[in-house]
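Peer 1: Each chain, written out:
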Amino acid sequence: MKLGIAGGEKSTAELREYAATSFLGHGVNKESLDIAIRRYDPDVIVAQGTSTDPGPYFLGSGKLVMAREVLKRDLALIIKASKEKKIPFIVSAGGAGADIHLNEVIKIVDEISREENIKLKIAVISGEINKRWLISKILSGFKAERIVDHPRLSKYLTIDDVNRSVRIVAQMGPEPIIKALEEEIDGVITGRALDVALFTALPLKKGFDKALSFHMAKILECGGLACEPGSGIDGIFGILRKDHFEVFCPNPKRRATKRSIIAHTLYERPNPFIEEYPGGVLDISNALYEEVDNKVIVSGAKWIPAKYTIKLEGVEFVGYRSICIAGVRDPYLIKSIDYVISEISREVNEYFSYLSNKFFKYIFRVYGKNAILGNREYEKSEPHEICILIDVVAETQELADSIASFISSALSHTHYPGRKSTAGNIAYPFSPGRYISVGEVYRFNIWHKLELDDPLEPFKIRVIEFPQRAIIP
Amino acid sequence: MSRVIKLKDIASIIRSKNASPFILTIDIFIDDKEIYEYIKRSNIINPREIAEIYKLPIENILGIYYVDQVNAIKISILRDVAADDLESSDIYSAQQYIPLLDLELKILYEQ
Chain A
127 MKLGIAGGEK STAELREYAA TSFLGHGVNK ESLDIAIRRY DPDVIVAQGT STDPGPYFLG
187 SGKLVMAREV LKRDLALIIK ASKEKKIPFI VSAGGAGADI HLNEVIKIVD EISREENIKL
247 KIAVISGEIN KRWLISKILS GFKAERIVDH PRLSKYLTID DVNRSVRIVA QMGPEPIIKA
307 LEEEIDGVIT GRALDVALFT ALPLKKGFDK ALSFHMAKIL ECGGLACEPG SGIDGIFGIL
367 RKDHFEVFCP NPKRRATKRS IIAHTLYERP NPFIEEYPGG VLDISNALYE EVDNKVIVSG
427 AKWIPAKYTI KLEGVEFVGY RSICIAGVRD PYLIKSIDYV ISEISREVNE YFSYLSNKFF
487 KYIFRVYGKN AILGNREYEK SEPHEICILI DVVAETQELA DSIASFISSA LSHTHYPGRK
547 STAGNIAYPF SPGRYISVGE VYRFNIWHKL ELDDPLEPFK IRVIEFPQRA IIP
Chain B
2 MSRVIKLKDI ASIIRSKNAS PFILTIDIFI DDKEIYEYIK RSNIINPREI AEIYKLPIEN
62 ILGIYYVDQV NAIKISILRD VAADDLESSD IYSAQQYIPL LDLELKILYE Q
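From first to last, the protein sequence lines are chains A and B. Start counting the first sequence at 127; every next residue gets the next number (the working numbering). Start counting the second sequence at 2; every next residue gets the next number (the working numbering).
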């Protein structure tokens with residue numbers, strides 16, 4: 127096997143990808159980006175920026191997961207670097223990845239293009255699924271099966287699931303991005319996308335091996351997290367060839383090791399050897415990893431073709447949350463806390479019994495005792511200080527606030543064995559203390575896979591020129 | 002002859018994370034190849050044991066995998082309470098490996 131030297135002669139028999147960060151909005155290391163561009167001559171800069179990890183709130187509320195300023199700086203660094211180098215960038219952006227998020231990202235790109243005075247032509251691909259389209263699919267006999275056998279999810283997606291969902295997105299595969307790359311553009315920005323789709327689009331377009339393309343993508347997708355020491359704000363470089371690929375870290379402060387790379391293939395995946403993707407299954411159980419200098423050379427992945435499916439994600443509205451953060455240091459109250467909580471629960475249920483037709487739910491999260499592990503907690507020692515997080519969810523914000531407020535007052539003045547203080551049982555860290563309105567609560571109700579005849583079908587591609595023309599009222 | 006060791010004393014990394022809101026996955030990297038091989042061979046980390054620790058029916062243990070190249074054990078669990086349920090306490094499942102730290106493993110030695 128002939129090994130290419132990073133930074134050496136470039137050939138069309140290889141494809142060079144730089145993953146600039148673990149997640150767009152986590153931070154892009156500018157020095158590493160400069161090194162990657164100057165020394166290693168990438169064909170494309172890639173970064174993922176959509177995920178369901180932060181939970182259903184972001185898809186439901188339409189808010190960005192990442193701080194806007196960091197997202198803007200990351201995008202600006204990537205866009206400028208790729209424009210100067212005259213290579214495309216491919217990123218997904220906006221967290222949950224629906225159109226409401228993508229539109230905010232378009233605004234950010236417009237600001238960048240004005241502030242940096244650069245003209246851009248970008249293909250923007252929506253990851254949002256039109257509900258009417260999805261319902262017509264179901265009506266015409268398409269069955270979308272749940273991906274995980276969890277009782278919350280319908281076995282097959284129903285029209286009711288679709289209607290109840292606030293927003294639905296799908297993880298696009300590489301095909302819509304490949305299609306977008308046919309245009310004369312500076313780069314591609316997608317809404318919700320499969321992370322590896324961003325990294326496999328160019329290799330597949332150029333005819334590289336599917337198994338190797340997906341395997342390399344799987345390693346590059348989280349940027350510097352796959353290196354040692356891992357970093358969420360640094361990049362990783364991959365060079366794909368005919369029968370193998372190599373990965374390394376441009377930043378001399380960290381390196382790719384056999385251990386770090388294999389460890390990363392396990393990360394956040396239920397099965398370390400097999401992963402289902404649209405149109406096939408990647409099997410890396412017989413992959414070979416060889417550490418040479420500061421690189422890891424990888425080969426041996428297999429691709430087993432399967433039906434073309436995309437993963438649908440949707441969230442439904444649950445209610446509104448109100449919380450109270452209550453600190454307790456009194457040793458007698460700590461000793462009696464289980465009794466006190468059961469007494470207060472009884473009082474709440476009695477007091478609010480006239481609202482029995484309304485939805486509300488409350489939990490006491492006792493930090494210092496068992497808030498994190500619940501019934502799996504095995505540590506029995508007594509804490510000297512605890513925090514009770516009163517967590518209320520109800521059908522209106524007003525009701526949630528009222529219940530949280532009632533509970534915090536009750537907790538503040540309740541009696542317990544050994545009580546010496548009669549002026550208040552809890553320390554509120556700040557004002558407002560009794561209740562804090564947190565806002566809407568959502569949960570995933572769609573986590574299904576839909577078979578497609580045409581991988582492009584639900585994903586709309588637009589080419590947008592920046593700066594966008596000002597809208598004259 | 003036998004020796005009882007705790008998982009935290011033989012693993013350099015023990016971590017947990019969501020693989021979707023409905024699946025919890027735990028990665029354990031064992032330092033010593035011999036101990037790793039022993040654990041794998043003896044099957045002392047098994048679905049019954051994990052189900053008991055996580056207070057779940059045994060069917061919820063989706064798989065226990067061994068990745069020989071890095072001495073890693075992966076345990077994937079179908080959650081009863083999903084990460085985004087109101088009763089859930091850990092949206093990324095980042096602290097759900099804790100019950101395994103003090104897991105005691107009995108290592109038998111050949112005479």
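These are calculated hints, taken from the structure and not from any lab test. Ideal Cβ positions, reconstructed from N, Cα and C, are used throughout, including at glycine. Be careful, since some hints might not be right.
Partial list, derived from the structure: chain A residues whose beta carbon lies under 8 Å from chain B [said to hold, decoys possible]: (1) I261; (2) H276; (3) S280; (4) Y415; (5) R502.
Peer 1: Work down the list of hints and note, for each, if the structure agrees.
Peer 2: Here is how each hint holds up against the structure:
no., hint, result
1, I261, "violated, 24 Å"
2, H276, "holds, 4 Å"
3, S280, "violated, 13 Å"
4, Y415, "holds, 7 Å"
5, R502, "holds, 5 Å"
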